[in-house]
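Using the hints provided, position chains B, C, D, E and F relative to the given structure of chain A.
Protein chains: 6
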Amino acid sequence: MTAYDKLRTVSTATAATAMFKRGFRNQFIQNVHPLSANQPVLVGPAFTLRYIPAREDLNPLSVFQDRAHPQRKAVEECPPGAVFVIDSRKNPRAASAGSILVTRLMKRGVAGIVTDGGFRDSPEIAQLAMPAYHQRPSAPTNLTLHQALDINVPIGCGDVAVWPGDVVVGDGEGVVVIPASIADEIADEALEMTAFEDFVTEKVNEGRSILGLYPPTDERSRDDFAAWRKARGR
Amino acid sequence: MTAYDKLRTVSTATAATAMFKRGFRNQFIQNVHPLSANQPVLVGPAFTLRYIPAREDLNPLSVFQDRAHPQRKAVEECPPGAVFVIDSRKNPRAASAGSILVTRLMKRGVAGIVTDGGFRDSPEIAQLAMPAYHQRPSAPTNLTLHQALDINVPIGCGDVAVWPGDVVVGDGEGVVVIPASIADEIADEALEMTAFEDFVTEKVNEGRSILGLYPPTDERSRDDFAAWRKARGR
Amino acid sequence: MTAYDKLRTVSTATAATAMFKRGFRNQFIQNVHPLSANQPVLVGPAFTLRYIPAREDLNPLSVFQDRAHPQRKAVEECPPGAVFVIDSRKNPRAASAGSILVTRLMKRGVAGIVTDGGFRDSPEIAQLAMPAYHQRPSAPTNLTLHQALDINVPIGCGDVAVWPGDVVVGDGEGVVVIPASIADEIADEALEMTAFEDFVTEKVNEGRSILGLYPPTDERSRDDFAAWRKARGR
Amino acid sequence: MTAYDKLRTVSTATAATAMFKRGFRNQFIQNVHPLSANQPVLVGPAFTLRYIPAREDLNPLSVFQDRAHPQRKAVEECPPGAVFVIDSRKNPRAASAGSILVTRLMKRGVAGIVTDGGFRDSPEIAQLAMPAYHQRPSAPTNLTLHQALDINVPIGCGDVAVWPGDVVVGDGEGVVVIPASIADEIADEALEMTAFEDFVTEKVNEGRSILGLYPPTDERSRDDFAAWRKARGR
Amino acid sequence: MTAYDKLRTVSTATAATAMFKRGFRNQFIQNVHPLSANQPVLVGPAFTLRYIPAREDLNPLSVFQDRAHPQRKAVEECPPGAVFVIDSRKNPRAASAGSILVTRLMKRGVAGIVTDGGFRDSPEIAQLAMPAYHQRPSAPTNLTLHQALDINVPIGCGDVAVWPGDVVVGDGEGVVVIPASIADEIADEALEMTAFEDFVTEKVNEGRSILGLYPPTDERSRDDFAAWRKARGR
Amino acid sequence: MTAYDKLRTVSTATAATAMFKRGFRNQFIQNVHPLSANQPVLVGPAFTLRYIPAREDLNPLSVFQDRAHPQRKAVEECPPGAVFVIDSRKNPRAASAGSILVTRLMKRGVAGIVTDGGFRDSPEIAQLAMPAYHQRPSAPTNLTLHQALDINVPIGCGDVAVWPGDVVVGDGEGVVVIPASIADEIADEALEMTAFEDFVTEKVNEGRSILGLYPPTDERSRDDFAAWRKARGR
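Protein chains in written order, with the numbering used here: chain A, -13 to 220; chain B, -13 to 220; chain C, -13 to 220; chain D, -13 to 220; chain E, -13 to 220; chain F, -13 to 220.
Accuracy of the hints is not assured; some may be wrong.
Copies of the same chain look alike in the list, so a pair counts if it works inside one copy or between any two.
Said to hold, decoys possible - Restricting the straight-line Cα-Cα distance to at most 20 angstroms, the calculated cross-link-like pairs of lysine to aspartate or glutamate (DMTMM-like) are:
1. LYS189 with GLU63
2. LYS76 with ASP145
3. LYS93 with ASP209
4. LYS76 with ASP210
5. LYS216 with GLU175
6. LYS59 with ASP174
7. LYS7 with ASP170
What the hints contain is simulated information worked out from the structure, not anything from laboratory work.
A quick note: this is a predicted structure, and the numbers were derived from the prediction, not measured.
Excised from the complex, chain A in its bound form:
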């Protein structure tokens, strides 16, 4: 079971706590939401795109006729399995991308897409099989306010540092960024924590108090958990 496989089974909340234990307090991308409640879980290494504010003379529609335009180039270069993360400076007043580019990413096997701005064609993107996260829908073309500049450099996204290769994990709650150097240990610990949380949830649903159980300061809680794991093979 790879780190990615493990991370596909844990929540962003659990991963955030595992990182908090190691002194990482700011790895949850703020104010970014899944476009669809039903979209699959997101796991993959970050591939980034950096936007700066658009300037009118540099951003007519004709720029897209250049095959080397960074937005289009990035869409064609993002590796399959990677997560396309855009630094839109938290500005959703013009789009970060639209459904055609997002569909192309999906067809190329990209794992998902995240912007701290907004997508256009958001109802269409919400129907795609690929997970997507943004702040809010935004119809205006990206050229209105954003100029694509750099591909796969370190960026900020929703107040979080995103370095190329960091592991991006998304669920129905939002997105966390796991520094590449600790991805394995976070995956391991989060997997363990998830087993414990599942156990606790079961017990709480049976009516048990959280005192002594969560965290398991009572010996009984630890014993019960050990038995529970054994019984379930986890």
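Showing chains B, C, D, E and F alone in chain A's frame:
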């Protein structure tokens, strides 16, 4: 029919207007949303928890090993039927609570939970049978930014004063706080208003103009309403 | 096929790009959302209502007994087919309108309603067959913070200038305002663009790269599009 | 001594409290600051200008060649002694006006100028003998984001309703708007309150406790104040 | 030389860095400014006042006739030498306090006052000999939006946790809060750091590069600093 | 007279209008203020520094021991005469730089410094002879929230695109960025416009109406201006 029973049948909008008539202009908790469109109506007395900003030395994960930690203590002490209201200083950048604590509250018979911050494990909370309201999902553990301090003291939540025992009413729109001293009269008046609004809605759906009907400045409107009430036994 | 018919088949994103080409960069109403994911498409000429901040002495509940109150008057005067657009100064802390007025508008044949504030009775409005857009739900009566003042004057809504008669187009993403003077040409161009975007989406779904296709800098793309149009009669 | 004379001797804080006693809770223009610490006190009736968002085709620089352009017309029509109040929708990203127009207003005998946006040429305006208030400096011409539309209609400014003829009072703290109908009584009461506050300040500077003094629940405080007034002829 | 004496000679920036070294990243009160550029340095233990949102029925002007009203009581009880810190929930739309109360605090020997809201009578407070910090001026009486509730409990102020007895340090830049438990060591280290920063500033003004000097990775820098200290007796 | 010489005599407002005429609507750095009212005018080519959000493991204080740390390196490499512009993502909650680095820049002959965040040691920086602009003072070390990453790449600063070599102009109002390609023509036109504005200001101060004068639609205005220029040799 108790005040609570009556309030279960009226909307937060109607209750807000009944309070506006008495000079209460600021009883709607701002920017707080139901986690699920299908959650039941929320009515109950406020039981509060106050957070202040977390300080790193006081908020390692180990604090939860203390059974007297205010967050955990509050979860075990909140009376059945009460509404657990958290003052998170409108900060959703770290969680106010997660699904295990919310499940425990539900199992203990608590009526619902409201924070002006955000919940973690929000997709799981959205599946629970207990109504929950927050600003937006937030994966980071509450220790990242919040320190639980006081149980059942007057607080602010979403710019509204919440005094322990105030009656909290929530629906698909949001949450209003009814001062305990006027809960009975608001329940009575809102019940009456709801009957009238139902009547008006019916008439408007039949094609009638709102002029003279809403408010009923025409005598005909008042007569029709009287007949309507009689016919429906309301 | 009228301009309105055409606009009913294009997205706000496409219309925004057509306007961007003509130098209109700010026609998307910011931070305004459909109340229901299933509501029909919105197209119609703007009919406006202007609010200013409420003053306590001028806004008791009794003002609604005046049949000439601008909010009520506007609801009865908005022409069938028009879009009722409210300037709430982007303030959702009190309602712009509630379900009874919105139902009346619907019964009168109005095409839809947009506010840059919030609606009360929002769950009921979400069930109506008429499209509605706002910032977020808001239970308090509009008198709490808004005073209706002017009917059908130029306003701002979500940072966009809305002149009476401008063409308002809304979809699942949000709302754009098309200046009346260019509505016909935008409708024409957006219709053309939509055909091309549908073609591109089909090709991308078949696995083609966006380079040379979107925009169609390759001759092959242009040829394929010509064939596609012919085959589909678009 | 006219109401205006009286208001020239009281603070905005005192006037705000006199209004609060009468149920007016929202008459302080929020987030508006004097351009100069040394500017004179501001008192006069409101003369208003309403802006809406600018649209590119309607706001080239050439619009100013029209003598009937509302911004220029308003500057020439504002009565001497009045206060020029601009509704800039709290948007300081482009200017509300610049030093030439403000100088013209000053030369015409206008009492002062207030915008909830920003002024350009703000260092020059700060040197003028006329009081001016804004949110923050803003170099871009107003045409960039603002279109002047209506002259002397009711507006919002900094979240306050401003009706033409309301009495605007400004000091080093900011600006309050006194509804015309109560200006006389507010002037009277604020004058009285100011005498009392001056007395209290003197006593507090002599070392007296505020308890029993402010408010004067002790008989001694009331006696001392009576004597103080007599001695000072206030 | 006491810790307080030392802290009177260091900047908030230096104290913030000394705390950063110990893992305290969030001790600078955000968005709070000195009322006067000339006010003295502020050092003293925190004495706190907690506000919650005001409710209309509980906050008529007559509440101040009660000598036990927490705001007035706190003003009379704050110990000489302490710093009066108010949790106004970062809301400057109504005042936290006015010049009479602040003057009383000054006369009682209190070291200074800080709110994350705003003061009324701010021009008068700016003239007092006691340092004061707020977000922005605010004329409306505190009863408009704030209800004083608790005296000397832990609070949040400008997103910082403030525990009674924490050491508050303010200069022309703003205010930092030093946890009581580390105040001595921070005072010591900040004093040392200040000596070094003074040395570096002198060298930089003489034209030296910061490389190798700041931090002193070059041996020469360390030698020069040792000589500098000796020469100046620091 | 070089373009820089010319730009030293014009205001940011005038330069903004000259750019507006050419379709540049967004060249004023938003929400950035001079640290001192007395600082000299700022003119020079942009030299940029890009920050991303800091991550705890990458930003201990020890990073500054590396001479290649981008913040320190940039300070030593910024050319004399250039303007040091920092992309702090509009986040003033930790510092962009402090007085030692700014002093070093000044000693190296740099023309000035601009950040859309905040400076620490701001009272000291305000005393320097070099112009500096920021959002608000900020004591925490930059490592708390900012990681210096790139030197002299295109960035965003206060919502404006800043490309290396663009001409940065600052006065008492704020800062505009002039694209390098149009710097000469903007300098020429702004110089002309300034002459006209000086003429208009003089006439307005003499009591003339702005109608027909500003803009000079009356022939008399144009004649008077011609005479004025001749008389003054401008």
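Hint check:
1. LYS189 with GLU63: Between copies, since 18 angstroms is at most 20 angstroms while 48 angstroms is not.
2. LYS76 with ASP145: Result: close both inside a copy and across copies, 8 angstroms intra and 11 angstroms inter.
3. LYS93 with ASP209: Close neither inside one copy (48 angstroms) nor across copies (23 angstroms); limit 20 angstroms.
4. LYS76 with ASP210: Answer is neither; intra-copy 46 angstroms and inter-copy 38 angstroms both fail.
5. LYS216 with GLU175: Intra 18 angstroms, inter 53 angstroms, cutoff 20 angstroms: intra-copy only.
6. LYS59 with ASP174: neither (35 angstroms within a copy, 31 angstroms between copies)
7. LYS7 with ASP170: For LYS7 and ASP170, only the intra-copy Cα distance (15 angstroms) is at most 20 angstroms; the inter-copy one is 28 angstroms.
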